[in-house]
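*Asks:* As given, the protein sequences belong to chains A and B, one line each in that order.
Heads up: the first sequence begins at 1 in the working numbering, then just goes up one per residue.
Heads up: the second sequence begins at 257 in the working numbering, then just goes up one per residue.
Treat the hints loosely; a few may be bogus.
Far from chain B, by Cβ distances over 10 Å, these chain A residues were calculated [as the list claims (entries may be wrong)]:
| # | residue |
| --- | --- |
| 1 | Phe30 |
| 2 | Arg31 |
| 3 | Leu41 |
| 4 | Tyr67 |
| 5 | Phe88 |
| 6 | Leu101 |
| 7 | Thr109 |
| 8 | Gly183 |
According to the in silico footprint, chain A covers these stretches of chain B (three or more CB under 8 Å from chain A) [unchecked claim]:
| # | region |
| --- | --- |
| 9 | 297–309 |
| 10 | 402–408 |
| 11 | 422–432 |
| 12 | 438–444 |
Example chain A residues on the side facing chain B (calculated, C-beta under 8 Å, incomplete) [what the hints assert, rightly or not]:
| # | residue |
| --- | --- |
| 13 | Thr5 |
| 14 | Phe39 |
| 15 | Ala47 |
| 16 | Ile51 |
| 17 | Pro60 |
| 18 | Ile61 |
| 19 | Asn133 |
| 20 | Ile135 |
| 21 | Gln136 |
| 22 | Thr163 |
| 23 | Ala164 |
| 24 | Ile195 |
| 25 | Phe237 |
| 26 | Ala239 |
No wet-lab data here; the hints were simulated from the structure.
Note that the coordinates shown come from a computational prediction; the quantities given were computed from them, not determined experimentally.
Glycine residues also receive a C-beta, built at the ideal position from the N, C-alpha and C atoms.
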Amino acid sequence: MTTTTSRIATPVRAVGGFFAMCLDTLVLMFRPPWAWREFLLQAWFVARVSIVPTAFLAIPIVVLGTYTLNVLFIEFGAADLSGTGVAFGTVTQGGPVVTVLVISGAAATAMCADLGARTIREEIDAMRVLGINPIQALVVPRVLAATVVAVLLTSVVSMVGITAAYFFSISLQHITPGAFVAGLPLLVGVPEVVIALIKSALFGLAAGLIACHKGLTVGGGPAGVGTAVNETVVYSFLALFVINVVVTAVGVKATL
Amino acid sequence: MTRSVPSTLHPGLRQPVADAVESWNRLGRQARFYAETIGGVGQAIGRYPGELLRLVAEMSLGVGALALIGGAIVVIGALTMSVGSLLAIQFFPQLQQVGVDALAGFTSALINTRYFGPIMVGIGVSATIGAGATAQLGAMRINEEIDALEAMSIRAVPYLCSTRLVAGAVVVTPLFAVAMLLAYIATQSLTTFVYGQSSGVYDHYFYTFLNPTDLLWSFLLAEIVGLLAMLVHTFYGYTASGGPAGVGEAVGRAVRTSMIVLCAVVLLMTIAVYGPSGNFHFSG
Numbered sequence: 001m002t003t004t005t006s007r008i009a010t011p012v013r014a015v016g017g018f019f020a021m022c023l024d025t026l027v028l029m030f031r032p033p034w035a036w037r038e039f040l041l042q043a044w045f046v047a048r049v050s051i052v053p054t055a056f057l058a059i060p061i062v063v064l065g066t067y068t069l070n071v072l073f074i075e076f077g078a079a080d081l082s083g084t085g086v087a088f089g090t091v092t093q094g095g096p097v098v099t100v101l102v103i104s105g106a107a108a109t110a111m112c113a114d115l116g117a118r119t120i121r122e123e124i125d126a127m128r129v130l131g132i133n134p135i136q137a138l139v140v141p142r143v144l145a146a147t148v149v150a151v152l153l154t155s156v157v158s159m160v161g162i163t164a165a166y167f168f169s170i171s172l173q174h175i176t177p178g179a180f181v182a183g184l185p186l187l188v189g190v191p192e193v194v195i196a197l198i199k200s201a202l203f204g205l206a207a208g209l210i211a212c213h214k215g216l217t218v219g220g221g222p223a224g225v226g227t228a229v230n231e232t233v234v235y236s237f238l239a240l241f242v243i244n245v246v247v248t249a250v251g252v253k254a255t256l
Numbered sequence: 257m258t259r260s261v262p263s264t265l266h267p268g269l270r271q272p273v274a275d276a277v278e279s280w281n282r283l284g285r286q287a288r289f290y291a292e293t294i295g296g297v298g299q300a301i302g303r304y305p306g307e308l309l310r311l312v313a314e315m316s317l318g319v320g321a322l323a324l325i326g327g328a329i330v331v332i333g334a335l336t337m338s339v340g341s342l343l344a345i346q347f348f349p350q351l352q353q354v355g356v357d358a359l360a361g362f363t364s365a366l367i368n369t370r371y372f373g374p375i376m377v378g379i380g381v382s383a384t385i386g387a388g389a390t391a392q393l394g395a396m397r398i399n400e401e402i403d404a405l406e407a408m409s410i411r412a413v414p415y416l417c418s419t420r421l422v423a424g425a426v427v428v429t430p431l432f433a434v435a436m437l438l439a440y441i442a443t444q445s446l447t448t449f450v451y452g453q454s455s456g457v458y459d460h461y462f463y464t465f466l467n468p469t470d471l472l473w474s475f476l477l478a479e480i481v482g483l484l485a486m487l488v489h490t491f492y493g494y495t496a497s498g499g500p501a502g503v504g505e506a507v508g509r510a511v512r513t514s515m516i517v518l519c520a521v522v523l524l525m526t527i528a529v530y531g532p533s534g535n536f537h538f539s540g
């Protein structure tokens, strides 16, 4: 009987704990003292671990999409629209998806590993004893840093991706360079860019919250930290792809 | 107490040179480890079939908290379902604007099969099975269990890494089937139920452009990226160091590396397989 109850109660408690931490974080975000130094350090850290994977991921993913689009456009006899398709695909989908992969693969894992190691060394408990709220001192700056850097990364992905797509299209698929550039702003306006930025802000927020929650609830030594990081990757991928579908659906309705 | 160390000649030059040599050596160590792991596949199948079966079961349905939500199968299914619905949400209104919304089935047959299938299987394998393997092996390394295996004269690389490689290759097959099915179903149900296209039109264009050869290539690609992800993840787990934080960092580094490898391999393989013209014929 007790085992059945605990088997049902454990996941429910985990979900409840996650939402409790999210609420705490949202409330403490607007209450001083703000951990400015930690925020700057974390933002710098997230940017440092993410920037190289971002460039390396943006190029193949966007070029793959460009290749497909160009093949289709050439088949339809609309090769001049290549730039339009590339800009639209990169800004609305490519940028946010690459940001998802990098934020959850690079930033969230590092955050979770860091907090998890502190938790099993009982440093977090020591902070509580000293009267420092770990949510205010550690979680809020990390979540905000992930959010800010995710927004910045989307712009990097779009720039890198469109530049790579330009060179790929004109050199390997013989698209006219002038037509490519002229087509870029045809479908992508301010609303699309704003939606992409909102999307990546939500990704950063969700990934940061998941990573911090998993990091603060680690148990069971080094194996526990490894498992927590693994769960961070899985849950943040799932959450972020769901967010992407929902925001895309809302965005398409709003802009059409 | 202070100790003085004699200053070195050209310290500014030494550091970058040492870094370059170190990264070159790291590449060499990785290559040697991969060769050892692949070379140990025969031993893994011949000597450790029990361990192999246990790993196959563990990988497909997951352990710990991941087993609670159904393991790799459910995670990869959810990922492909979300990209399949994304395809419908993003493309259908665009196609409708141009007046070719009948081609929704065609986009599913082409894009889901060729790109989303292998990429999503690769990402899913790396995030669930791969990251789990890194965490397990890293914890074993930190707890000196791998040294203990070697002290008991069990060959650690075939026993731990080659078995995981083989198990990964076995598990990718059902994962790929589930992934493709769910991606197709997601695009189809959104297009026909939500956007209200008649299912006959959808099915016609879907089956006309669904090429079995493409599906086979896509499966091969998924198998290759799955194997590469397992290799990268076992390497980072096997060589983890630096306590609990080191294990966590190794998982992160492994996920990062395997994502980059995966996307680069999918891009190069796609261009190599389908050629610059895309190898499909729309206008006959």
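*Asks:* Hint check: is the beta carbon of Ile135(A) less than 8 Å from a beta carbon of chain B?
*Replies:* violated, 20 Å
*Asks:* Quick one: work out the minimum CB distance from Arg31(A) to chain B and report holds if it exceeds 10 Å, violated otherwise.
*Replies:* Answer for Arg31(A): holds, closest chain B Cβ roughly 30 Å.
*Asks:* Taking 10 Å as the cut and beta carbons as the points, is Tyr67(A) off the interface with chain B?
*Replies:* Since the minimum Cβ distance to chain B is about 7 Å, Tyr67(A) lies within 10 Å and the statement is violated.
*Asks:* Are all beta-carbon distances from Gly183(A) to chain B longer than 10 Å?
*Replies:* Its Cβ never comes within 10 Å of chain B, the nearest being 14 Å, so this holds.
*Asks:* Please verify that the nearest CB of chain B lies beyond 10 Å from Leu101(A)'s CB.
*Replies:* violated, 6 Å
*Asks:* Double-check Asn133(A) for me: the hint is only fine if its C-beta lies closer than 8 Å to a C-beta in chain B.
*Replies:* violated, 22 Å
*Asks:* Taking a Cβ-Cβ distance under 8 Å as contact, does the region 297–309 of chain B have three or more residues in contact with chain A?
*Replies:* violated (count 0)
*Asks:* Do the numbers back the hint for Thr5(A), that is, is its least Cβ distance to chain B under 8 Å?
*Replies:* violated, 15 Å
*Asks:* Per the CB criterion, is Phe39(A) less than 8 Å away from chain B?
*Replies:* violated, 21 Å
*Asks:* Are there three or more residues in the region 438–444 of chain B whose C-beta lies closer than 8 Å to some C-beta of chain A?
*Replies:* violated (count 0)
*Asks:* With chain B as the partner, please determine if Ile195(A) meets the hint condition of a C-beta pair closer than 8 Å.
*Replies:* violated, 12 Å
*Asks:* Holds or violated: Thr163(A) as interface residue toward chain B, Cβ cutoff 8 Å?
*Replies:* This hint is violated: Thr163(A) lies away from chain B, its Cβ roughly 16 Å from the closest one there, beyond 8 Å.
Violated hints for the displayed structure, listed by number in ascending order: 4, 5, 6, 7, 9, 10, 11, 12, 13, 14, 15, 16, 19, 20, 21, 22, 23, 24, 26.
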